[in-house]
Every structure is written in structure tokens, then in C-alpha cells.
Amino acid sequence: MDEVLTFYPQRYTGTRQPAVDESDSNGRPIRPYLPAPDLIEAVNLAIFLGRPLLLKGEPGCGKTQLAQAVAYELGLPYYPWYVKSTSRARDGLYTYDAVRRLRDAQLAASGRLTEAELDRVNNADAYIRLGPLGQAFASEQQCVVLIDEIDKADIDFPNDLLLELDEKRFVIEETGSSVVARQAPIIFVTSNDEKDLPDAFLRRCLFHYITFPSSEQLAVIVEYHMPGVSPQVVQAAVQRFVELREQMVGRGDARKRVSTSELLDWFLIIRAAPEETALKLLQGRLPYPSVLLKSWEDHRHFLQEAGRS
Amino acid sequence: MKEVPAQLPLLELFTMLREAGIPLAIDDYIALLQALQAGFGLPDRQSLARLCRLLWVKSPEDEALFKYHFAHMFHTTHSAETDEATMSSQGEHQADNLSTQPTASNASDQPPLLPIQLPNQVQSTWRAGLVPDYLPISQRQMKQSWRHLNRPIRQGMPVELDINATIRQAAVNGTLGEIFLVPPRSNRTSLLLLVDHGGSMAPFEPFNRRLIETALRGGRLGTIGVYYFHNTPIDYLYRDYFRQEAVPLPLVMAQADGRQAGLLIFSDAGAARGATNGLRIAQTRDFLAQARQVIKYIAWLNPMPRHRWAGSSADAIATIVPMFPGNRRGLDRAIDILRGRFDSRED
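Order-wise, the sequence lines are chains A and W.
Residue numbering for the first sequence follows the working numbering, starting at 1 and increasing by one per position.
Residue numbering for the second sequence follows the working numbering, starting at 1 and increasing by one per position.
Hints were generated in silico from the structure; no laboratory data involved.
Errors might be hidden in some of the hints.
[Said to hold, decoys possible] Heads up, simulated SDA-like pairs for lysine to any residue below, C-alpha to C-alpha not over 20 angstroms straight-line:
| no. | chain 1 | residue 1 | chain 2 | residue 2 |
| --- | --- | --- | --- | --- |
| 1 | A | K195 | W | L216 |
| 2 | A | K195 | W | Q139 |
| 3 | A | K195 | W | P60 |
| 4 | A | K152 | W | I224 |
| 5 | A | K195 | W | L251 |
| 6 | A | K256 | A | R204 |
| 7 | A | K152 | W | R210 |
| 8 | A | K195 | W | M142 |
| 9 | A | K195 | W | Q141 |
| 10 | A | K195 | W | P183 |
| 11 | A | K168 | A | L76 |
| 12 | A | K152 | W | P183 |
| 13 | A | K56 | A | D38 |
| 14 | A | K195 | W | G225 |
| 15 | A | K256 | A | V291 |
| 16 | A | K84 | W | G225 |
| 17 | A | K195 | W | S138 |
| 18 | W | K296 | W | L251 |
| 19 | A | K84 | W | P183 |
| 20 | A | K84 | W | G156 |
| 21 | A | K152 | W | R185 |
| 22 | A | K152 | W | E213 |
| 23 | A | K195 | W | R210 |
Please take these sequences and the hints and turn them into a complete structure.
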């Protein structure tokens, strides 16, 4: 195996991070994303094989942000699709505005349209709007698509997408035209693991479970998100956080535990205080517990601990 | 005919995993070969394991199987492997301990054996899927059967355009006046699952646990109520395993959601012990009469095979309610009944 082919279109390294005040096309700030090495490998494998990457993990571990980070680093267009419980598979491909067409047809019949608008009524394509996946297929260059929280929808939903994911094309029934993807999009799928996904869908995806980062990784993540903070405060905060999390792990399996996104929110408040105050706060009782403790059980334990000391 | 190359990498692992029950196809193996050719998974054993995991492992059960077989293939010991923290559970640790047992006596530099309680060990190997599945219906098959219980009904906000009705109206009026909207279809199944627990049903514990778990996680069902009873459902049903939280029977019946509700009873109906109990038959008959007033689709799943029903209460009860043995076909037919499909075939 000394002839190793390293030819594949794009390679994600997880090292290119946005600048502090950079924002995306909607004007929202882009936050840095630091993936673990096995996650980077999973992304590259998914890109190479052309299969969707299914991500599971605790809430707040960064499943949803990965797709945008990959799109940012590789410089590709990004199409997110946030699935709701009422979503249909076809909506992600295209929607056909039948109501509007009927109304326009009626207006045309009563002679209240201009020439240009009349042309539009005759043309069915004008009433087709491509959804995120449809836009990705129709695009000239390779795109990144995120299908977020796929387990929220009905169980038929993943199965309805199988043909499109396999053959990278779909047919618009109302006009009969088909849209074929010139370049297979990079597809990320996230699931909260509330329901089991059908086997046929799972077979086509690569699966990766995002584990909770170690303390060192947490410290690095915090420093990246909030540059210019004293390392002692970071260390103290991360240590406190990890202790809290281990208490939660020790108490029970099924309940929600503090996640990375909560750590970042919490740290945002802590860093507002000057360094000595922050350090002193972190020594004593857990400061700003309402950011981290989201259930009555956790609060109760916290109050008991506080009462004891 | 072309000769198969002698050394296809990891073909043995692939075959072992397939035989252990992970549904892999030849595409998955070819994908592995493509990835290896591109340079993935080459640096060390762990990255090879990661690569195989990415491609082949899709659930915690698969993970346990994979870890065992991968270690088995390379004869690694528990201490040598570092923790790959994807979905690791208690069961896996103990499965690894189990794999060191046979080799410990051979080698002299093995780590000292940890004291392991036998019941835990046995249970965890079963849970890790290392013991071949002895239940007549596998988890996957059960999930597939439950998926058939699908009754899509239009419910919710009217947002979907009913084209036919709108056009019909327009044709009648000559102009496009009104637009008709209907609620979208979604699955609305209401299922009551009553499980006989304890006593003669004790050996069927894993079966009923699997049945409940696949029903709840299947994701297709609208609402499911799971209740336990002992021998006959009379007066009270229990929300929990140990029959501590009682709910009166009429209340349970009232919770059945509308005309679409189905009732599935999982019980041996006396077939396990084999005796006929007149009281049991009478009480069951009363219960079924009461249930029929509220719920139209009732089916009974019996874990004992059909030839064991003769001469027991089950025989009598089978004449008043559709009863099916606890195999794949039986479950499918019971679910057909719950869907409202009339089952007229004799078995």
C-alpha cells in the first residue's frame, strides 16, 4: 500500500477560523469551530465517498455548527434546512405555489394582467421555488447542505429522500423537468436521537457521534471564542465546569448535562468581571448558576451544596 | 472466471459482523476499500477501527458487536486498547473483560484479572449482543412490523391545498372563488399495549421489553400507552413494572384516542402452564366486552406457539379475540388487525 491516492476534491482541516468580527451573508457573526480530529476525518471521508454524514451527540455539542464551519473553510455555498415536525421531504427539494398560480389565472381570465404577467402565468417554472437541497443540486459548484434535526419529522421523511440522495437528482412533477446535480453536495444530517431512523437511510450515511471534549480542548475552545482573556480565568472556569459536569454524570445517565454551548455563555458573563473578581467568584459558590443549571434537580443539588458550605 | 484476490483486507471482519447481525451490504465493503485506497485508516489500528466504525456502525448495539469482533480479530487485550469514547457503555467494558478471560491463562504477562460478578457478566454479554438472539423476532424485524401500524389521518391546521375540491368549485361557479384547504396527513395511531407480567410470563421478560422498546422508539406511532397487568386485566392496570402505580381500567379505556385506537394484549393466556382456568376465561371475556365498547381494533399476541394453546385457557380465549403466536408472522398479522384489515385466513 505504498501508492496512496490522495486525490479528492476538497479537504477539510478544521484550522481555518474566521476573524473576530467577520459575519456571514445574513450579517450574523461567524463563530469559530474547533472540531476533534476524528470528526475532521469523518468529514473528509464523507466528502470523499459522497455520502451524507449523520451526526449525533448531546444537545449543545456543536452538531449544527459543523456544516457552516466546513462551508466557511472550503469557501462553498451553504444551504441549511431546519426540519420541523410538519416538514415534508419534497419541501426541501422544491415547492410549487399552486394557490398563486390559480389566482393569477383568475386575474388573467378577467383581463387584469399586463403582457409580462400573462407570460408568467403560462410558464409553470415561475411558480417553482427550489428548497435548500434543490438549490444545492441546481448549483454549478459544490455546496454544503445541512439537514438539521431530521428525527423531528415523520418517519417517512428520511426514506422519501433516499432516491434523491442516491442518484443526486430529482424530478419536478409539475413541469416534468429534472434537476441533476453536477457536483454531489456535501450533506450533513443531525439527529437528536429522539426517534430511531429507518435502516435504509442509516445504511447510506456515515455515522459519527460527537463526544464531549476534554478539559484541555474546552480551554482551547473558550480561548478561541473569547480572545484576550487571562488564561488563569479560563483554567479556573473550565475546571469548575468539568467538576459540575462530572457531578451530573455521576448522578444519572438519562438527564441533560451541561454542554459546551452553555460553557461559552457562562464564560461570557464571567469574563465581564475584572480578573481578580472573576477568580474569587470561581473559588466560592458556583457563580451565575442559572446559565448552567436548567432543571430543578440540578438546582436542588446546587442549593444543598451551597447550604452545606 | 476471475480468481478472487487472496488477501482482501478486512473481509473476515466484514463477514463476522454480517453474521453477528449488522446489516451490511457489499457496497459497504467496497466503500471501505475505496477509503483505504485513498489513504484513510492507514496510520494505525485505531484509525482503522475509526474508519470501519464510520462506515459500518450505526447504533450502540452495533458498536458493542464491532468492538468485540475487532478486538477478537487482532487479539488485543483490554489494557492495550485505549478508550474510544463513542457511545461506550458498561456492557462494553465487561465484554472486553470477558475477552481477556480465555487468553489470561495462556500468557503470563497479562494484567491481573479483575473480580467480576457472574450475573453482571452474563447479562452484559447478552446485552452486548454477543449471545445469539434467541427471541423469535429480532429487534429490526419488530421495528419493521411496528412501522406498518400506520394510519395517516388529516389533522391539524388546514394548510394544504385541496386542488380537486378547488377546481371543482371553480368549474361549478365559472370563476375561481374559494380556495379549499385541508389539514396535512400525519400519522395518528393510538395504541394501548397491555403486557402480562410476572408469574408464568416471567420467562418472556426480554420479549416484552423488546416489544415495548421498539414500539416506543419506532417513531411512527402517535400515542402509546403501555400498561402492565397480572394474568388478567381486571379492575386495575399498572403503569409500572412492579405493579405499584395503579390506574383504574375505565380510565385507561377512556384514554384511548378516538375511533382509531388499537389495543394489543401480550399474554400467554394460561398457555405457559397449560391448565384451563374457568375464572380466568370469564374475567378475560368480561374485560374484552368492556374494551370493545371503546376500542374497535383488538388483537392478542401470545408468546407461546400455537400448538401449546390446546387444553389451556388460551384455547378458549382465542375463540373470542384474534390471537396470534409470538413470531414474526403472528406479530404482522396482529398489527394488520390493529390497522383495521380484516384477517380471514386460517393458520
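A quick look at each hint next to the structure:
| no. | hint | in the structure |
| --- | --- | --- |
| 1 | A:K195 to W:L216 | 9 angstroms, holds |
| 2 | A:K195 to W:Q139 | 15 angstroms, holds |
| 3 | A:K195 to W:P60 | 14 angstroms, holds |
| 4 | A:K152 to W:I224 | 18 angstroms, holds |
| 5 | A:K195 to W:L251 | 28 angstroms, violated |
| 6 | A:K256 to A:R204 | 30 angstroms, violated |
| 7 | A:K152 to W:R210 | 23 angstroms, violated |
| 8 | A:K195 to W:M142 | 15 angstroms, holds |
| 9 | A:K195 to W:Q141 | 16 angstroms, holds |
| 10 | A:K195 to W:P183 | 24 angstroms, violated |
| 11 | A:K168 to A:L76 | 18 angstroms, holds |
| 12 | A:K152 to W:P183 | 19 angstroms, holds |
| 13 | A:K56 to A:D38 | 14 angstroms, holds |
| 14 | A:K195 to W:G225 | 17 angstroms, holds |
| 15 | A:K256 to A:V291 | 14 angstroms, holds |
| 16 | A:K84 to W:G225 | 25 angstroms, violated |
| 17 | A:K195 to W:S138 | 18 angstroms, holds |
| 18 | W:K296 to W:L251 | 17 angstroms, holds |
| 19 | A:K84 to W:P183 | 16 angstroms, holds |
| 20 | A:K84 to W:G156 | 14 angstroms, holds |
| 21 | A:K152 to W:R185 | 16 angstroms, holds |
| 22 | A:K152 to W:E213 | 19 angstroms, holds |
| 23 | A:K195 to W:R210 | 15 angstroms, holds |
Checked against the numbered hints given earlier, this structure breaks hints 5, 6, 7, 10, 16; the rest are met.
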